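S.K.: Next come the chains, spelled out residue by residue.
There are 4 protein chains.
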Amino acid sequence: MILKLSCPDRPGLVATLANFIAVSGGNILEMSQFTDPIEKWFFIRIHIDLEDTEEKRQALISTFESLGQSIKAEWEFRESGARTRTAILVTKAAHCLQDLLARTYSGDLPLDIPLILGNREDLAPIAERYGIPFRHIPVPKDGKEAAFADYQSAIDDSGAELIVLARFMQILPADFCDAVHGRAINIHHSFLPAFVGANPYRQAYRRGVKIIGATAHYVTSELDAGPIIDQEVERVEHFHTPEDLMRLGRDCECLALSRAVRYHANDRVIIRGNKTIVFRD
Amino acid sequence: MILKLSCPDRPGLVATLANFIAVSGGNILEMSQFTDPIEKWFFIRIHIDLEDTEEKRQALISTFESLGQSIKAEWEFRESGARTRTAILVTKAAHCLQDLLARTYSGDLPLDIPLILGNREDLAPIAERYGIPFRHIPVPKDGKEAAFADYQSAIDDSGAELIVLARFMQILPADFCDAVHGRAINIHHSFLPAFVGANPYRQAYRRGVKIIGATAHYVTSELDAGPIIDQEVERVEHFHTPEDLMRLGRDCECLALSRAVRYHANDRVIIRGNKTIVFRD
Amino acid sequence: MILKLSCPDRPGLVATLANFIAVSGGNILEMSQFTDPIEKWFFIRIHIDLEDTEEKRQALISTFESLGQSIKAEWEFRESGARTRTAILVTKAAHCLQDLLARTYSGDLPLDIPLILGNREDLAPIAERYGIPFRHIPVPKDGKEAAFADYQSAIDDSGAELIVLARFMQILPADFCDAVHGRAINIHHSFLPAFVGANPYRQAYRRGVKIIGATAHYVTSELDAGPIIDQEVERVEHFHTPEDLMRLGRDCECLALSRAVRYHANDRVIIRGNKTIVFRD
Amino acid sequence: MILKLSCPDRPGLVATLANFIAVSGGNILEMSQFTDPIEKWFFIRIHIDLEDTEEKRQALISTFESLGQSIKAEWEFRESGARTRTAILVTKAAHCLQDLLARTYSGDLPLDIPLILGNREDLAPIAERYGIPFRHIPVPKDGKEAAFADYQSAIDDSGAELIVLARFMQILPADFCDAVHGRAINIHHSFLPAFVGANPYRQAYRRGVKIIGATAHYVTSELDAGPIIDQEVERVEHFHTPEDLMRLGRDCECLALSRAVRYHANDRVIIRGNKTIVFRD
Chain A
2 MILKLSCPDR PGLVATLANF IAVSGGNILE MSQFTDPIEK WFFIRIHIDL
52 EDTEEKRQAL ISTFESLGQS IKAEWEFRES GARTRTAILV TKAAHCLQDL
102 LARTYSGDLP LDIPLILGNR EDLAPIAERY GIPFRHIPVP KDGKEAAFAD
152 YQSAIDDSGA ELIVLARFMQ ILPADFCDAV HGRAINIHHS FLPAFVGANP
202 YRQAYRRGVK IIGATAHYVT SELDAGPIID QEVERVEHFH TPEDLMRLGR
252 DCECLALSRA VRYHANDRVI IRGNKTIVFR D
Chain B
2 MILKLSCPDR PGLVATLANF IAVSGGNILE MSQFTDPIEK WFFIRIHIDL
52 EDTEEKRQAL ISTFESLGQS IKAEWEFRES GARTRTAILV TKAAHCLQDL
102 LARTYSGDLP LDIPLILGNR EDLAPIAERY GIPFRHIPVP KDGKEAAFAD
152 YQSAIDDSGA ELIVLARFMQ ILPADFCDAV HGRAINIHHS FLPAFVGANP
202 YRQAYRRGVK IIGATAHYVT SELDAGPIID QEVERVEHFH TPEDLMRLGR
252 DCECLALSRA VRYHANDRVI IRGNKTIVFR D
Chain C
2 MILKLSCPDR PGLVATLANF IAVSGGNILE MSQFTDPIEK WFFIRIHIDL
52 EDTEEKRQAL ISTFESLGQS IKAEWEFRES GARTRTAILV TKAAHCLQDL
102 LARTYSGDLP LDIPLILGNR EDLAPIAERY GIPFRHIPVP KDGKEAAFAD
152 YQSAIDDSGA ELIVLARFMQ ILPADFCDAV HGRAINIHHS FLPAFVGANP
202 YRQAYRRGVK IIGATAHYVT SELDAGPIID QEVERVEHFH TPEDLMRLGR
252 DCECLALSRA VRYHANDRVI IRGNKTIVFR D
Chain D
2 MILKLSCPDR PGLVATLANF IAVSGGNILE MSQFTDPIEK WFFIRIHIDL
52 EDTEEKRQAL ISTFESLGQS IKAEWEFRES GARTRTAILV TKAAHCLQDL
102 LARTYSGDLP LDIPLILGNR EDLAPIAERY GIPFRHIPVP KDGKEAAFAD
152 YQSAIDDSGA ELIVLARFMQ ILPADFCDAV HGRAINIHHS FLPAFVGANP
202 YRQAYRRGVK IIGATAHYVT SELDAGPIID QEVERVEHFH TPEDLMRLGR
252 DCECLALSRA VRYHANDRVI IRGNKTIVFR D
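Residue numbers (the working numbering), protein chains in the order written: chain A, 2 to 282; chain B, 2 to 282; chain C, 2 to 282; chain D, 2 to 282.
Where hints are given, some of them may not hold.
Intra- or inter-copy, both count: the list cannot distinguish identical chains.
Unchecked claim - Calculated pairs, SDA-like style, for lysine to any residue (alpha carbon to alpha carbon, straight line, at most 25 Å):
#, residue 1, residue 2
1, K276, V237
2, K276, R207
3, K57, S67
4, K5, H239
5, K93, D158
6, K41, R207
7, K276, H239
8, K276, E244
9, K5, D245
10, K276, R203
11, K73, I49
12, K5, T242
13, K5, Y264
14, K145, E122
15, K5, K276
16, K145, S159
17, K93, A226
18, K41, G26
19, K41, N200
20, K276, G69
Derived from the structure by calculation, the hints contain no laboratory data. Just so it is clear, the structure is predicted and the values come from calculations on it, not from any experiment.
Take the sequences, apply the hints, and build the full model.
M.R.: Next up, the structure:
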């Protein structure tokens with residue numbers, strides 16, 4: 002069982018939590034802890050080994066309630082090793098989708114993927130190749146709201162806990178962003194906060210940067226401004242055309258996105274304001 | 002002898018230049034060439050081996066004039082292995098200055114450093130340690146123009162061809178920038194174009210980026226917007242404080258700046274608009 | 002058209018080649034040149050633009066013969082943009098195969114893949130998914146020679162110019178290595194020359210290294226000792242298990258192998274002894 | 002106060018330690034923990050905040066004794082923020098020494114350096130520049146044992162807790178290695194375990210690797226085989242000569258060595274067999 006918790010810092014928190022677990026019959030397999038010295042905020046992730054009965058687990062979780070409240074914590078218990086139900090949104094660039102699917106089917110990503118959604122149909126054949134339902138929901142300029150209501154209900158129906166925007170080239174409505182807060186991951190094809198918005202590789206080419214990158218972040222209603230989970234970079238030189246930047250960037254995108262999804266699915270990310278605590282593995 | 006040349010692209014340029022060198026009794030030791038396929042512009046750097054007489058070299062250089070003009074080129078001849086006379090401007094951060102001096106005295110950087118200038122006196126002892134004249138020219142808020150006239154004449158008097166801003170924390174006046182165009186290198190302590198301006202590490206900390214960096218670029222009158230020569234990056238995590246980012250960033254700054262200075266001093270950079278062609282070694 | 006050439010260095014080579022191309026009606030689109038200062042050896046890759054007739058191209062190629070011989074060169078002409086017929090050999094690890102296929106079908110790798118060969122059948126479904134013939138040739142301990150004769154003739158029949166060993170877990174017989182000299186690329190799952198041979202990730206784990214890697218190299222009869230084309234590395238920490246190293250290493254393997262294959266297929270590699278000259282793009 | 006501890010894993014260790022600290026009036030500022038799932042071994046580093054009286058600290062330390070023994074632990078208490086007395090051994094390469102001194106005097110490295118020792122005199126002027134005693138102890142071929150006895154007593158007299166071999170080009174006698182076990186750090190100028198022994202850059206050049214590196218490790222009696230603390234790498238290309246590799250390698254050496262020294266001095270390294278647990282900052 003994984004416990005993720007954050008709360009205002011104060012003396013004795015580790016002892017309190019460790020005792021609670023010991024008394025409940027659990028053993029700590031792995032503990033990662035961080036105290037933000039500026040915000041005075043405490044973050045912890047504990048991998049708890051507990052006798053296998055579901056009953057005992059539920060008992061621990063409900064007993065924890067009063068402790069959690071007493072330290073003004075936000076917390077979450079989740080079965081360790083659980084697969085995360087994930088919907089993937091795409092447009093026409095295939096590389097991130099292919100990468101996520103290959104990693105899922107090789108076992109590197111602990112995902113169940115009940116649904117792939119596209120505002121275009123281009124990638125339906127890839128979904129089909131892996132036997133995953135593909136739903137085409139176009140986003141007309143004058144029907145954006147209705148379209149995103151369709152996305153929302155399709156995602157809800159699929160039971161997805163996590164939404165991955167794998168080069169989904171649509172700006173999301175604010176209420177959609179709010180509805181998926183903390184559980185939607187986007188890959189932006191630049192080293193944010195450089196080159197927000199459209200055509201970042203072309204922007205990078207024009208600026209003459211010597212390193213390009215990609216950024217995986219949680220979706221918020223402000224464009225490309227959500228909490229960053231991971232980034233990846235690659236050196237470029239004067240002889241690289243915009244097309245070369247796109248090619249090199251695709252590797253950055255796949256690496257940053259797949260790592261971010263992995264950290265999230267393995268309950269290794271805690272969001273605090275506009276930042277993430279990532280207990281890497 | 003090094004020839005750096007750029008001109009509009011057209012068929013036969015390599016043959017024309019190679020023949021000219023052969024006919025002049027030179028031999029090509031190393032040739033680096035790049036044609037920008039979008040701008041249709043031709044760039045070349047040729048390391049020419051020529052019999053040792055200064056006369057013969059001068060003959061080649063003056064004979065080249067009409068060829069260069071006929072292809073509408075900009076070009077520059079420079080003795081290979083020549084040391085570059087360099088003035089360094091500093092404020093109070095010591096690391097870039099120390100790094101440049103250590104590399105110069107170990108032979109990694111082919112520089113002669115006749116002068117170090119500071120708007121504060123903090124680093125005078127380091128200059129003294131290496132036996133280099135240090136001149137303190139304060140920059141009062143209401144006397145900036147006069148101060149920079151002093152900088153300019155001190156630099157001119159020193160015979161410096163290259164000016165390195167090694168964490169010189171002053172915004173340069175536009176006419177100073179113009180006067181040193183193409184021969185002044187600044188290190189900005191962020192991965193440009195992210196975090197232009199003041200306190201970039203604090204900006205990076207607030208944004209929660211997972212990679213920080215530094216950028217060495219030619220000085221232009223627009224702040225932090227000149228042609229980039231080199232960049233360096235480093236991964237950071239949630240547990241890094243702003244002070245940690247500064248510490249990790251110092252390594253990025255030293256590496257990016259020293260490489261940029263080295264490329265420039267070895268005549269390996271050609272500027273074209275807001276970009277650089279860097280024939281690395 | 003691409004010309005790759007290497008020969009003993011001597012004055013005037015660039016001029017000679019550039020003139021030959023100009024006189025033949027060609028234009029140099031891109032030229033990359035390197036002179037090994039220790040071995041005194043000259044290497045060049047020229048992208049030549051020539052009027053489109055096949056006849057003219059053949060004329061240039063046959064005219065070049067006497068020039069090439071006069072400078073004791075080894076050289077090769079190849080149509081630029083030509084796709085490289087490639088056979089892929091696999092065992093049961095899927096990631097490199099999947100990566101090569103995804104990159105080929107997205108256009109990043111200019112390959113035609115007529116055949117995938119496996120000493121096990123595990124990856125047949127992936128081949129099938131992409132509509133590529135899969136041939137299962139087991140390698141029994143006491144029938145290795147005959148098995149590799151089968152591999153050889155299957156490869157020959159497929160017309161493959163390039164053979165990629167995408168985690169093919171068999172030691173190749175010397176005569177097979179000789180037959181595919183300079184056109185077979187292997188990925189070794191370590192940062193060579195560290196951890197030659199079996200189970201390199203386990204070796205790396207035992208040694209407690211802080212960086213792991215992968216190496217793409219041409220196959221030679223000496224195990225893991227052929228000319229290196231590209232390498233990739235990744236930081237690891239004490240908390241990474243051997244399984245984590247394998248997971249992180251898979252990304253290194255895919256990146257190093259796909260780049261090496263790309264350089265080879267784009268005629269950007271020249272082999273000289275146990276080294277490669279790689280004119281990167 | 003920093004507590005570093007390792008012991009066989011068993012349930013309840015975190016609770017036991019956290020309770021002990023709470024009961025002793027301490028507060029946990031930062032806790033880093035790792036359980037080796039293969040060796041079943043528990044490692045922890047705790048930054049404890051304790052009321053300032055030296056008496057109280059000593060009480061905690063002596064009370065801990067029986068707890069530590071009961072869990073069969075090895076442990077160490079050390080004042081946090083304490084500077085580490087460090088002797089540096091050199092030969093003639095200056096870069097690592099200069100780098101360590103610059104970082105120490107800028108405050109990045111929490112060291113006191115009472116002594117620099119050289120088997121040659123070349124770097125005496127650098128020591129002098131920083132006002133640090135330099136002692137020249139030659140190592141004659143037929144007087145190695147006596148020479149290292151002199152090194153040992155000079156180090157002992159200086160009160161150094163840590164010994165840094167900053168490109169000290171001598172193979173150390175086994176008994177010297179034993180005497181400094183766990184507190185002597187060497188920088189090897191290759192990416193170990195590749196290129197053990199002499200002239201690693203020349204070995205790397207001959208092998209044609211595309212990435213070079215450096216390795217900081219604890220000294221043991223087996224050459225270049227001690228527990229690795231950190232490594233650093235840099236890409237190289239065919240055009241880099243052995244001298245270029247040395248130049249690029251120097252940056253790797255300085256970075257890996259200074260980080261390793263920093264981790265050690267900040268009590269962030271636990272040695273276990275031939276490996277290190279490094280709780281990075």
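S.K.: Does each hint hold? Answer for all of them.
M.R.: Now for the hints, and whether the structure bears them out:
1. K276 x V237: between (28 Å within a copy, 13 Å between copies)
2. K276 x R207: Result: close only across copies, 8 Å inter versus 30 Å intra.
3. K57 x S67: within (17 Å within a copy, 34 Å between copies)
4. K5 x H239: between (45 Å within a copy, 16 Å between copies)
5. K93 x D158: Only inside one copy: K93 and D158 sit 24 Å apart there, 36 Å across copies, limit 25 Å.
6. K41 x R207: Between copies only: 15 Å across, 42 Å inside.
7. K276 x H239: between (34 Å within a copy, 8 Å between copies)
8. K276 x E244: between (32 Å within a copy, 17 Å between copies)
9. K5 x D245: Close across copies (22 Å), not inside one copy (41 Å); limit 25 Å.
10. K276 x R203: Answer is between; shortest inter-copy Cα gap is 14 Å, intra-copy 28 Å.
11. K73 x I49: both (21 Å within a copy, 23 Å between copies)
12. K5 x T242: This pair counts as between: shortest inter-copy Cα distance 22 Å, intra-copy 44 Å.
13. K5 x Y264: within (13 Å within a copy, 28 Å between copies)
14. K145 x E122: within (17 Å within a copy, 48 Å between copies)
15. K5 x K276: Answer is within; shortest intra-copy Cα gap is 16 Å, inter-copy 30 Å.
16. K145 x S159: within (21 Å within a copy, 51 Å between copies)
17. K93 x A226: Classified as within: same-chain Cα gap 23 Å, cross-chain 34 Å, threshold 25 Å.
18. K41 x G26: between (30 Å within a copy, 20 Å between copies)
19. K41 x N200: So K41 and N200 pass the 25 Å test across copies only (22 Å; inside, 39 Å).
20. K276 x G69: Answer is within: at 22 Å inside a copy they meet the 25 Å cutoff, but 38 Å across does not.
Violated hints are absent here; each numbered hint is respected by the structure.
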